[in-house]
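Chains A and B, in that order, give the protein sequences.
Under numbering that gives the first Met the number 0, the first residue of the first sequence is numbered 0, with each subsequent residue one higher.
Under numbering that gives the first Met the number 0, the first residue of the second sequence is numbered 0, with each subsequent residue one higher.
In case anyone wonders, no lab produced these hints; they're calculated from the structure.
Be careful, since some hints might not be right.
Since the list gives no way to pick out one identical chain from another, each pair is judged satisfied if it fits inside one copy or across any two copies.
[Claimed, not checked] Each computed DMTMM-like pair below joins lysine to aspartate or glutamate, with the alpha-carbon atoms no more than 20 Å apart:
id: 1; residue 1: K178; residue 2: E46
id: 2; residue 1: K203; residue 2: D69
id: 3; residue 1: K203; residue 2: E21
id: 4; residue 1: K203; residue 2: D142
Protein chains: 2
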Amino acid sequence: MRFVFASNNTHKLSEVREIMPEGIEILSLHDIGFDQEIEETGLTLSENSKIKAETVAEWLIKNDKSTLTDGVFADDTGLEIDALLGAPGVYTARWAERETGIHLPEMETYAANRQKALRELEGKTNRGAQFKTVITLLYLNSDTRVQVEGIVRGTITTEERGQSGFGYDPIFIPEGYDKTFGELPTEIKNNISHRAKALTELVKCL
Amino acid sequence: MRFVFASNNTHKLSEVREIMPEGIEILSLHDIGFDQEIEETGLTLSENSKIKAETVAEWLIKNDKSTLTDGVFADDTGLEIDALLGAPGVYTARWAERETGIHLPEMETYAANRQKALRELEGKTNRGAQFKTVITLLYLNSDTRVQVEGIVRGTITTEERGQSGFGYDPIFIPEGYDKTFGELPTEIKNNISHRAKALTELVKCL
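The shape of chain A in the complex, shown without the other chains (with noise of 0.2 Å):
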């Protein structure tokens, strides 16, 4: 089988061909030739994953490309502080830009996040904090929506840890471990995360 998964993040894409099973092949949205921006104007993850599979799919459709794959796949992830009652959430990509206004390349946004969310955690000693992923799947022949939902707790360091991963690894311990996502080695954050446990109940479904 082959799917779209709605991204050109070379990140998420790695983690997503690590977790699929053999015989599914996944494309990128490079891979397809779709170059449009999606402007993800959902107010939850679970309409932002939605409106990027069906913006996909349409497209797919609309240009007689819905042959080269069986489905559409989209995730979105956020990141939700108990002391900032769920804050970032579905602006966590975009929390450091929605405050300054400036928008930064890749790595310094990562960065510029998680400044903030040790700014906003600064004095707090309640740390605790999730990561959700939301996947939404849509079959191109066929009027049935499937969404997986994984969740991982943990909490917030004081200060950066790590340098692998991406996002907000280096400031996230999962619960269970004592080294941040930014410092677990990626076979074991590709095990735990809430990605792979969304990706893992896709997986059962397709």
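Place chain B on chain A using the hints.
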């Protein structure tokens, strides 16, 4: 495996039990001793199905009954009429009641809802509509959630036809057929219905 289907509606329970493969046992709310009223306060079918499943899952855990089942799933179904911009949607089951303020017994509620639909569409040529079922599945020992959606397109008749099924079945003709869900044999309805489509997806994910 054993799952709680968060419903006491005998029509739905028998639809669900007929579709489930062997080896999967379905418990009703009655079977587990849950007798509270669940308030469906969601603004979407998706939210309502999630609220129902979460309420029952939390109740099972709180009452030390989580060993009874592997998980809980709940559905919410809506009729979305094109000419009414998707109404009654999330209010499908309570459409007439919301207008009159009068709470009727089940069978009379069904009849009042059907009559309201026929009245609202009187003289309208655009009679397109769709049934949508959303099912949320929660596992009791896992931070994952699965949601599936099934849709069946069709048209609303100008008068009631057929006695089988329930709810709006006697005024809905599914695409590709010339009989209403109230006229079609249960076996056919259970193969092509919105709930069947959602359940078929769900079974793949179990």
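For each hint, the structure was consulted:
1. K178 with E46: This pair counts as neither: shortest intra-copy Cα distance 32 Å, inter-copy 35 Å.
2. K203 with D69: both (16 Å within a copy, 16 Å between copies)
3. K203 with E21: both (13 Å within a copy, 18 Å between copies)
4. K203 with D142: both (19 Å within a copy, 15 Å between copies)
Checked against the numbered hints above, the structure violates only hint 1.
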